[in-house]
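S.K.: Assemble the whole structure, with the sequences as input and the hints as a guide.
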Amino acid sequence: MSDTHDWIMEQASLLRDRGETTPRPARDPVNQPQVHTWLEAIGDPNPVYRDTPEATEVHGGPVAPPAMAQVWTMYGLDPHRPADDPLHSMMQVMDEAGFTSVLGTNCDQTYDRYLRPGDHVTVTTRLESVVGPKRTGVGEGYFVTTRSTWRVGDEQVATMLFRVLKYKPGPRSSGPDPSSTVRPARNRDSEFFWEGTAVGELRIQRCNGCGALRHPPGPMCPHCHATDQGHVVSPGRGHVYSYVTHHAPQVPGKQLPLLLAVVELDEGVRMIGELRDGTGSRLEPLSGPDSGAVEIGTPVEVGFERIDDDLTLAVWRVVDGGSA
Amino acid sequence: MSVPFSGAASVAGIGATEFSKESGRSELQLSAEATLAALTDAGLSPGDVDGLVTFTMDNTAEIALARELGMGELRFFSRISYGGGAACATLQQAAMAVATGMADVVVCYRGFNERSGQRFGQVQNWAAGQSNTNGLDNAWSYPSGLSTPAATVAMQARRYMHEYGATSRDFGAVAVADRRHASTNPAAWFHGKPITIEDHQSSRMIADPLRLLDCCQESDGAVAIVVTSTERARDLAAGAVPVLAAAQGSARDQFVMTSYYRDDIGIPEMGVVGRQLWAQSGLGPADIDTAVLYDHFTPYVLMQLEELGFCGPGEAPGFVADGAIELGGRLPVNTHGGQLGEAYIHGMNGINEAVRQLRGTSVNQVEGAAHVVVTAGTGVPTSGLVLGRDG
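These protein sequences, in sequence, are chains A and B.
If you're matching positions, the first sequence starts at 1 in my numbering and goes up one per residue.
If you're matching positions, the second sequence starts at 1001 in my numbering and goes up one per residue.
Worth double-checking, as some hints may not be accurate.
[Said to hold, decoys possible] Per the computed footprint, the stretches of chain B lying under chain A, defined by three or more beta-carbons under 8 Å from a beta-carbon of chain A, are:
no. : stretch
1   : 1112-1123
2   : 1151-1165
[What the hints assert, rightly or not] Ranges between beta-carbon positions, derived for each pair:
no. : chain 1 : residue 1 : chain 2 : residue 2 : range
3   : B       : Arg1330   : A       : Val199    : 55 to 63 Å
4   : B       : Thr1100   : A       : Pro222    : 28 to 36 Å
5   : B       : Asp1264   : A       : Asp310    : 32 to 40 Å
6   : A       : Val199    : B       : Asp1264   : 33 to 41 Å
7   : B       : Gln1130   : A       : Glu195    : 20 to 28 Å
8   : B       : Arg1025   : A       : Val233    : 36 to 44 Å
9   : B       : Thr1100   : A       : Asn187    : 35 to 43 Å
10  : B       : Ala1279   : A       : Asp189    : 30 to 38 Å
11  : B       : Met1057   : A       : Val199    : 32 to 40 Å
These are computed hints drawn from the structure, not numbers from a lab.
Glycine is no exception: its CB is placed at the ideal position from the N, C-alpha and C atoms.
M.R.: Right, dumping it as structure tokens:
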């Protein structure tokens, strides 16, 4: 897991919060020619889907195969998608994060009633969940689940839970095990900081006596000696004060080379952390001194890398537009 | 009432084991051998010792060393913290004890299997796991992966380069000087193996901007130093090398290896040491004939030259250029080869070299050396010495 994970979950959260899309009407009403084509392709001889006495006897006329629910609102060959389509948007997020391959895993449909020729359905979709990263046989990935609802007018006629695995193809690299990351010693003086990172907050100690900000924190203000210490939540912006590319030796839980920085925050305090690129991915090493995407003064903003339930680290993303 | 300190105590004996990558014996044995050698050098016996000083980090207890050597009663023992920053402070403890009458003969010792045993250059998980303020301090760096000495120094070095225009080649000048001196020192691991600046520039990156040849060795070995009163030392086998000044230093907002939060980066703690050394000894940088500057990583040698006043802030790259810190230059530095060239014994082997220079017995003797400054580990609370030629 990494800062990429945080970014994915953040995007997923945004898409999930949008809820259902605007109802999108099918290109055509339910119609017999499309049903015939589908039955032919599937090889389904059931007479109730055709203009037959059986259809009349059972249903009072032909009905559409329920499994065609999704067919009516398929996009066709036009590559354009509505901007609010949550599955498509989430796929783009995953592609950007490097999870470029897709595998369908679940498609659970429920049918409220048969559709008949002439019914004109609409569909709405919402992003239900994004779960991961999971190690699978095909690679590491995320399960992306959407739920679609078809309606005729206001009447719900069918729903579908659709789940795909978006993954990085190939065997998982035998990289470092993040769970071996060195754990910080904590006590009552520093716990607030780690509780902050766990919920995506960069907390800077603030003296309740004189207001001085301080990092690393401590129990007594060096300025006014107050022991009443609070904190502020920082927007997490700053610049690179110094940096190093660690090549050797191995560091538990980290992939080398590792870019590390002392960041000077806009508030004036400094913090140590790993440098990442704008998307939160690992920065490739600089080929030599004073080359590459990072230099002293480069603006950065905070991100959060969840190692596990016990530890989330603040990491620093190079702000797009880069070097100072 | 103040007790006169400068010159009251002297180094009366020095000893060391061989320096290797695998000693093949215990750390206790190494320290016992070095201590015995130092006492023999001084013409003393273990029964004469009544004080022992070492590093907090040393794995050999004073009482264990005393048992091995058959020492009798001890009346002074002390340990100094902060890794290599302790080196010169062990002599300060010993000299203070002698000057105040707390002890007559104190041995400072440091012994370890730092290469074949626990290597300091690797990530030390225990350092972040300590249930004390040091462990809490390390919580701000180790989990992110800033967890080796080289990387923590590289962070300072990068900023130093930015502020003063220093380059990797400037750091390399230290490595070239050290290795030149080691090449003619039979006790050095890199005896007979000098390097060029091109060798330095082509060595692999460890923690950019630090290359392999910016980093000291990892070594097995032990060093011991006997301190007694100058008066008594004059009558002993090797004579007296007076401790003219001895100081410790820690600066505002001090951390261990990660003092990144104060206004100015660098090693102001060495400035604290330097000012005391000059005040105690009545000497200044111009009086120093040769220096032993703690060189676990080359950039800190440059920064020490500035903090000790050999040159101004940012001027060290110019100061070390053109062989100025090599034998024959204006200030020969680390004539034993330093910790890059001779061995990494946590700075204690450099004190022995200072003593040899003042006795006139160094293999890389600086003609007429009368005053030598010695420093301890940098990036941490540290210490320093000025030793002089007697008489």
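S.K.: Now look at each hint and say whether the structure bears it out.
M.R.: Evaluated hints:
no.	hint	verdict
1	1112-1123	holds (count 3)
2	1151-1165	holds (count 8)
3	Arg1330/B to Val199/A: 55 to 63 Å	58 Å, holds
4	Thr1100/B to Pro222/A: 28 to 36 Å	33 Å, holds
5	Asp1264/B to Asp310/A: 32 to 40 Å	36 Å, holds
6	Val199/A to Asp1264/B: 33 to 41 Å	35 Å, holds
7	Gln1130/B to Glu195/A: 20 to 28 Å	22 Å, holds
8	Arg1025/B to Val233/A: 36 to 44 Å	56 Å, violated
9	Thr1100/B to Asn187/A: 35 to 43 Å	38 Å, holds
10	Ala1279/B to Asp189/A: 30 to 38 Å	37 Å, holds
11	Met1057/B to Val199/A: 32 to 40 Å	38 Å, holds
Consistency with the previously given hints fails for number 8 only.
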